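Here are the chains, one letter per residue:
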Amino acid sequence: GIQVEQSPPDLILQEGANSTLRCNFSDSVNNLQWFHQNPWGQLINLFYIPSGTKQNGRLSATTVATERYSLLYISSSQTTDSGVYFCAVRAKAAGNKLTFGGGTRVLVKP
Amino acid sequence: DAGITQSPRYKITETGRQVTLMCHQTWSHSYMFWYRQDLGHGLRLIYYSAAADITDKGEVPDGYVVSRSKTENFPLTLESATRSQTSVYFCASRREGALWAGELFFGEGSRLTVL
Numbered sequence: 003g004i005q006v007e008q009s010p011p012d013l014i015l016q017e018g019a020n021s022t023l024r025c026n027f028s029d030s031v032n033n034l035q036w037f038h039q040n041p042w043g044q045l046i047n048l049f050y051i052p053s054g055t056k057q058n059g060r061l062s063a064t065t066v067a068t069e070r071y072s073l074l075y076i077s078s079s080q081t082t083d084s085g086v087y088f089c090a091v092r093a094k095a096a097g098n099k100l101t102f103g104g105g106t107r108v109l110v111k112p
Numbered sequence: 002d003a004g005i006t007q008s009p010r011y012k013i014t015e016t017g018r019q020v021t022l023m024c025h026q027t028w029s030h031s032y033m034f035w036y037r038q039d040l041g042h043g044l045r046l047i048y049y050s051a052a053a054d055i056t057d058k059g060e061v062p063d064g065y066v067v068s069r070s071k072t073e074n075f076p077l078t079l080e081s082a083t084r085s086q087t088s089v090y091f092c093a094s095r096r097e098g099a100l101w102a103g104e105l106f107f108g109e110g111s112r113l114t115v116l
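Protein chains in written order, with the numbering used here: chain A, 3 to 112; chain B, 2 to 116.
Hints are computed from structural coordinates only; laboratory data are not their basis. None of these values were measured; they are calculated from a predicted model. It is possible that part of the hints are untrue.
In silico DSBU-like pairs for lysine-lysine, Cα to Cα no more than 35 angstroms straight-line [said to hold, decoys possible]: (1) K71/B with K99/A; (2) K58/B with K56/A; (3) K71/B with K94/A; (4) K12/B with K58/B.
If you want the footprint, here are the derived chain A segments under chain B, 3+ residues with CB under 8 angstroms [stated by the list, open to error]: (5) 11-19; (6) 29-37; (7) 69-81.
No residue lacks a Cβ here, since even glycine has one placed at the ideal position from N, Cα and C.
Work out the full structure, taking the sequences as your base and the hints as a guide.
Here's what the structure looks like:
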């Protein structure tokens, strides 16, 4: 099946810093989403981005489907950005299965 | 707009007991899913449903039963709970349509402990 790798696995930021999270996948996809799992365990949709670039406030994401990667940018990080960021993809040949990456654990220090 | 809700949010039970986790969505999404999240394994698909009365197995279906008599509800039943089923369970539904096909939305999760 499709492999999804996220990097880095852990990230410690000072409040106000910028960062880039990466998601690499091993096959063609027709769906890619970024989620934020907050410290309370909730999975929050950030972006639905099978291709192209989107922005939402301090967050933006870019997916280059032909090169099989996606990037999530966090600018001017805040303590509320702490948590785990997951990339999830649905391979074109995988039917209904959404495959999650291992996540990037982010800690933003005040 | 309530979205997708799960109940109970927290449950403690004993080995061998039957437990049902409820999931309800207000969007009329056709597809619904159950995942479990465990340290070291990430999120794994248990079962999914394409529509009322249509269900199919995911990666880890053993020990679980699902039903879907109505579009908005997708209960997950552990017929005889085991300690290995201690986990956080997430229900999800998927939006369809030309622009948004495939976007998944998760409920808040149900934390189950089997003693």
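Quick rundown of the hints versus the structure:
1. K71/B with K99/A: holds, 22 angstroms
2. K58/B with K56/A: Status holds; Cα separation ~34 angstroms.
3. K71/B with K94/A: Status holds; Cα separation ~29 angstroms.
4. K12/B with K58/B: holds, 24 angstroms
5. 11-19: Coverage by chain B is violated here, the residue count being 0 at a Cβ distance below 8 angstroms.
6. 29-37: It holds, with 4 qualifying residues against the three required.
7. 69-81: Violated, because only 0 residues of the segment 69-81 of chain A bring their Cβ atoms closer than 8 angstroms to Cβ atoms of chain B.
Violated hints for the displayed structure, listed by number in ascending order: 5, 7.
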